[in-house]
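Chemist: Produce the entire structure from the sequences given, and follow the hints as far as they go.
Note that this note's numbering has the sequence shown beginning at 1, numbered continuously upward.
Do not take every clue at face value.
[Stated by the list, open to error] Okay, derived cross-link-like pairs now, BS3-like style, lysine-lysine, Cα gap no bigger than 25 Å in a straight line:
{"hint": "1", "residue 1": "K130", "residue 2": "K67"}
{"hint": "2", "residue 1": "K67", "residue 2": "K94"}
{"hint": "3", "residue 1": "K94", "residue 2": "K30"}
{"hint": "4", "residue 1": "K13", "residue 2": "K30"}
{"hint": "5", "residue 1": "K67", "residue 2": "K30"}
{"hint": "6", "residue 1": "K130", "residue 2": "K220"}
{"hint": "7", "residue 1": "K94", "residue 2": "K13"}
{"hint": "8", "residue 1": "K67", "residue 2": "K220"}
[Claimed, not checked] Simulated restraints on C-beta separations:
{"hint": "9", "residue 1": "L38", "residue 2": "Y159", "range": "23 to 31 Å"}
{"hint": "10", "residue 1": "E184", "residue 2": "M1", "range": "37 to 45 Å"}
{"hint": "11", "residue 1": "T205", "residue 2": "K30", "range": "14 to 22 Å"}
{"hint": "12", "residue 1": "S204", "residue 2": "A141", "range": "37 to 45 Å"}
{"hint": "13", "residue 1": "S190", "residue 2": "L38", "range": "39 to 47 Å"}
For the record, the hints were derived by calculation from the structure and aren't laboratory data. Heads up, the beta-carbon is just placed ideally off N, CA and C, and yes, glycines get one too.
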Amino acid sequence: MMTGIYDLAALQKTVEGVGAVICAYHAHPKAVVEGQLLLIGAGEHAGGKLGGGHQVFHAASWNYDWKRNRLGDHETCDCYISFCNDARTSSTIKPIYGFTGTIPEWELVRLNRPKMIDAASRSTSATGTKALFWTSADDLAAYTIEAVSEPGAADGGFYRVQSFRASPLEMVEAYEQGRGPRLERQSLGSLSEIEDMLVQARASTPLSGHHEDIGLTYAKYKMNGI
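Modeler: This is how it looks when you write it as structure tokens:
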């Protein structure tokens, strides 16, 4: 039983004798950066015992393509970029990263941030008509297994996949057809209004509290069709 990301004994036991490590830590800064560095370090310590000398490590990712981002563009993505850069310059293990767009099942989870589809309140905050990338949880799992099973998996790298493309409003219509209840359309504002709100939120919120306003960042990205 692992007690947390700093449980070194559990991490060491986790990587012993396995063919590949798939890290699915939650998108928390400490977990994404510190937690994964400790886990990849445990893999290095295991050496040849991990995957018969070919160390395969799938990093927590399954999100938007942040390779073109600059630090500060998206606080959540900043953590993934930081881990990627650190691992690239300090580790002998070369992680795999998957870019999947939005996970539809995740959009139905009740979280303290604006959601495109909110099943609990039967509403949607989306106004965008641009098609976004979506990958279902089942497809995500299959793509991940395929990625770590490839002959060159130990070489690491990035892959981009999708189950389908659809705009937020198309997703709302599909939800209504499949589930029955009609969702209320609620607008967060235009793209320029979202950007203005984001600037104000960042000016009044310390970086350590970025999670309070991260929904505005996601809204900006999704309205841009990223």
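Chemist: Now, for every hint given, state plainly whether the structure supports it.
Modeler: Hints and how they fare:
1. K130 x K67: holds (21 Å)
2. K67 x K94: holds (16 Å)
3. K94 x K30: holds (20 Å)
4. K13 x K30: Holds. K13 to K30 sits at ~21 Å (cutoff 25 Å).
5. K67 x K30: Holds - the C-alpha atoms of K30 and K67 are around 20 Å apart, at most 25 Å.
6. K130 x K220: The hint holds at about 12 Å.
7. K94 x K13: Holds, because 20 Å separates the two Cα atoms, which is no more than 25 Å.
8. K67 x K220: holds (17 Å)
9. L38 x Y159: 23 to 31 Å: This hint holds: roughly 25 Å between Cβ atoms.
10. E184 x M1: 37 to 45 Å: holds (43 Å)
11. T205 x K30: 14 to 22 Å: holds (19 Å)
12. S204 x A141: 37 to 45 Å: holds (39 Å)
13. S190 x L38: 39 to 47 Å: holds (43 Å)
Checked against the numbered hints above, the structure violates none of them.
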